[in-house]
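Q: So you can see what is in the structure, the chains are spelled out below.
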Amino acid sequence: MSWHDEIAEIKRRRALAKQQGGADSVERHHQKGRLTIRERIDSLLDKDSFDEIGQSSGVPEFNDKGQLSDLQPANFVLGIGAVNTRKVIVGGEDFTLKGGSPNPAGLRKSVYAEQLALQYKIPLIRLHEGGGGSVGGTGQDKSHRPIGEPVFAVSRFLPLAQTLGVVPVATAALGPVAGLPASRLVASHFSVMTENAAVLIAGPQVVKRALGYDLTKEELGGPQVHLKSGVIDNLAVDEHDAMQQIRRFLSYLPDNAWQRPKKIDCHDPVDRCDDALAHIVPKNRRQPFQMREIIEHVVDQTSEGSSFFEMRRKFGPSLITGLARLNGHSVGVIGNDCLFYAGAMTAAAAQKLRRFVDFCNSFHLPVLSFVDEPGFMIGPDSEASGTIRLGTEAISAVLQSRVPWASVHVLKAFGVAAQAHFGPQGYVLSWPSAASGALPIEGGVAVAFAREIAAAKDPAARQAELENMLAASQSPFPRAEGFSVHDIIDPRETRPKLAAWLDLSLAAQTDPPVPFTFTMRP
Amino acid sequence: MLFKVKSEVAGVVWKIIASVGDDLDTGAAIIILESMKMEIPVPTPRAGTLKILHVAETDMILEGQEIATFLSLDEPT
Numbered sequence: 001m002s003w004h005d006e007i008a009e010i011k012r013r014r015a016l017a018k019q020q021g022g023a024d025s026v027e028r029h030h031q032k033g034r035l036t037i038r039e040r041i042d043s044l045l046d047k048d049s050f051d052e053i054g055q056s057s058g059v060p061e062f063n064d065k066g067q068l069s070d071l072q073p074a075n076f077v078l079g080i081g082a083v084n085t086r087k088v089i090v091g092g093e094d095f096t097l098k099g100g101s102p103n104p105a106g107l108r109k110s111v112y113a114e115q116l117a118l119q120y121k122i123p124l125i126r127l128h129e130g131g132g133g134s135v136g137g138t139g140q141d142k143s144h145r146p147i148g149e150p151v152f153a154v155s156r157f158l159p160l161a162q163t164l165g166v167v168p169v170a171t172a173a174l175g176p177v178a179g180l181p182a183s184r185l186v187a188s189h190f191s192v193m194t195e196n197a198a199v200l201i202a203g204p205q206v207v208k209r210a211l212g213y214d215l216t217k218e219e220l221g222g223p224q225v226h227l228k229s230g231v232i233d234n235l236a237v238d239e240h241d242a243m244q245q246i247r248r249f250l251s252y253l254p255d256n257a258w259q260r261p262k263k264i265d266c267h268d269p270v271d272r273c274d275d276a277l278a279h280i281v282p283k284n285r286r287q288p289f290q291m292r293e294i295i296e297h298v299v300d301q302t303s304e305g306s307s308f309f310e311m312r313r314k315f316g317p318s319l320i321t322g323l324a325r326l327n328g329h330s331v332g333v334i335g336n337d338c339l340f341y342a343g344a345m346t347a348a349a350a351q352k353l354r355r356f357v358d359f360c361n362s363f364h365l366p367v368l369s370f371v372d373e374p375g376f377m378i379g380p381d382s383e384a385s386g387t388i389r390l391g392t393e394a395i396s397a398v399l400q401s402r403v404p405w406a407s408v409h410v411l412k413a414f415g416v417a418a419q420a421h422f423g424p425q426g427y428v429l430s431w432p433s434a435a436s437g438a439l440p441i442e443g444g445v446a447v448a449f450a451r452e453i454a455a456a457k458d459p460a461a462r463q464a465e466l467e468n469m470l471a472a473s474q475s476p477f478p479r480a481e482g483f484s485v486h487d488i489i490d491p492r493e494t495r496p497k498l499a500a501w502l503d504l505s506l507a508a509q510t511d512p513p514v515p516f517t518f519t520m521r522p
Numbered sequence: 001m002l003f004k005v006k007s008e009v010a011g012v013v014w015k016i017i018a019s020v021g022d023d024l025d026t027g028a029a030i031i032i033l034e035s036m037k038m039e040i041p042v043p044t045p046r047a048g049t050l051k052i053l054h055v056a057e058t059d060m061i062l063e064g065q066e067i068a069t070f071l072s073l074d075e076p077t
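If you read the sequences in order, they're chains A and B.
Heads up: the first sequence at position 223 corresponds to 223 in the working numbering, and the numbers run straight through without jumps.
Heads up: the second sequence at position 77 corresponds to 77 in the working numbering, and the numbers run straight through without jumps.
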């Protein structure tokens, strides 16, 4: 007696499941320039590290004798694998089967992905391509009338929300992603999409019928739309790039909120003082500069290039957000980009800042802030988009931070919005180019001295005279004298100063890390 | 192939830098906008020959407005 027959049956079922949607369907998928979910998982994970869960799950078909004749696999592939030797949960829809719209076992496995991540407290990666429910029923046996979930069932959307507070979640849109998978896609800390992907609440036909718009999938939810809408953080040139970006994103983070990010070896001298920092900021206040260059000169350089990994560049572009390393430590980096509205805080930039700061707090990333803030964005569009509320919300998030926070005051720090760049008990270094006050000189003088300027013989000359006089009052030297900043520094000293501060700050963290919580905000 | 360059910010055209017929490299400025009291260049994202300039100095430009039409250099005409 032995179990050989049953063991053979297990083997047969596994082989059936590996066929996915069948050779023709897989071939059609490849012709569209896309990988199958199993190929995607292999491309994401360390070689041969995938340990699949529920590989025999699916919809069975039986012959007249009641023997299994075929097995349509669950169209969500799920398992545990390794990314740079760290264990992660990974899953994704199988588009080659019913376009990724869930079959019964597929739905169960997709819902289980979050529960696994919560149970084992390791990062979660979802690779999405597929539609949501169908009017004929979702995840149900079509021969039966839909009876719904039991009343006592826990909503599948709860673990989706819970994961964000405790484990890093990264997602990718690698084809059309609609309905439920689109909702799962955005329930993440980092999302990436390929050029030929589209993210939609509902597709072109539904939109045409309900609203009359005749739009393609790409026009509705392609990268041009969603990098700006903030639904997607980064664009990937192809699927391989999408996987590389996810691997890189995870490299800065701990496995969960009960751990701190791990330090790596740093081969970039901590006392590196780049000369460029002394002349990137122009003396002429009308001329823009590249804040990204400043960031690159300060953070670690590695053998593979800069350690700065920017996220969400196109959304709220007046604010730069990204991850980097300083002396081998993971840090969150923010900075103003004056090429977009002088770096002013728009409604989108405020949302971007709030979300980024909450993310840094969730995974205990210290923040480096490079400040060139002229204030909240002004004008009718800004008022109509509720910037003042979103901006005040962002300031609240910054001041409720519990991570070490250092600010490099590069150029402007004006108005209420300036508060969004200085964290609680933060370390503040001022560059000689720094200027601060209630309003930037140019606009402020015209308003505050309107009558005096109008009454002058030469109004333009009087305005220039007042502007020069008041510019002196915005100088960083008096603030350094008054010890209102930790120090005014030679910009070239920025890296060693920040690295020394970071070592001290991290060494002072004696409490064990816990998930981040906060109260109601504006 | 023709391609259009749009402005990513709103502002007023302060200076026209490039002329119709010019070959511009990727990242070269076409015009400079005055936006929030700063001089903001509008660059071409790809190399090309400037065919049509859709704006003139002192024009008010909206976010996403078309600035110029180019013929790309990297493809045969």
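Each hint should be verified, as a subset may be incorrect.
[Claimed, not checked] DMTMM-like mimics (lysine to aspartate or glutamate), calculated; alpha carbons at most 25 Å apart, straight line:
no.: 1; chain 1: B; residue 1: K6; chain 2: A; residue 2: D381
no.: 2; chain 1: B; residue 1: K15; chain 2: A; residue 2: E310
no.: 3; chain 1: A; residue 1: K283; chain 2: B; residue 2: E34
no.: 4; chain 1: B; residue 1: K6; chain 2: A; residue 2: E452
no.: 5; chain 1: B; residue 1: K37; chain 2: A; residue 2: E452
[Stated by the list, open to error] Which chain A residues face chain B? A few, computed with CB under 8 Å, are given here:
no.: 6; residue: Q287
no.: 7; residue: F289
no.: 8; residue: F449
No wet-lab data here; the hints were simulated from the structure.
Ideal placement from N, C-alpha and C gives every residue a C-beta, glycine not left out.
Q: Does A/F449 meet its interface restraint, that is, does its C-beta lie within less than 8 Å of any C-beta in chain B?
A: violated (17 Å)
Q: Given the hint that A/K283 pairs with B/E34, does the C-alpha gap stay at or below 25 Å?
A: Holds: A/K283 and B/E34 sit about 17 Å apart, inside 25 Å.
Q: Within a Cα-Cα threshold of 25 Å, do B/K6 and A/E452 meet the stated pairing?
A: Measuring from Cα to Cα gives roughly 41 Å; hence the hint is violated.
Q: Tell me if the straight-line CA distance from B/K37 to A/E452 falls inside 25 Å.
A: holds (22 Å)
Q: Has the given pair, B/K15 with A/E310, been kept, meaning a C-alpha gap of at most 25 Å?
A: violated (31 Å)
Q: Less than 8 Å between beta-carbons is the criterion; does A/Q287 satisfy it with respect to chain B?
A: holds (6 Å)
Q: Hint check: is the beta carbon of A/F289 less than 8 Å from a beta carbon of chain B?
A: Violated, about 10 Å.
Q: Would you mind confirming whether the straight-line C-alpha gap from B/K6 to A/D381 stays at or under 25 Å?
A: Holds, because 19 Å separates the two Cα atoms, which is no more than 25 Å.
Going through the hint list in order, the structure does not satisfy hints 2, 4, 7, 8.
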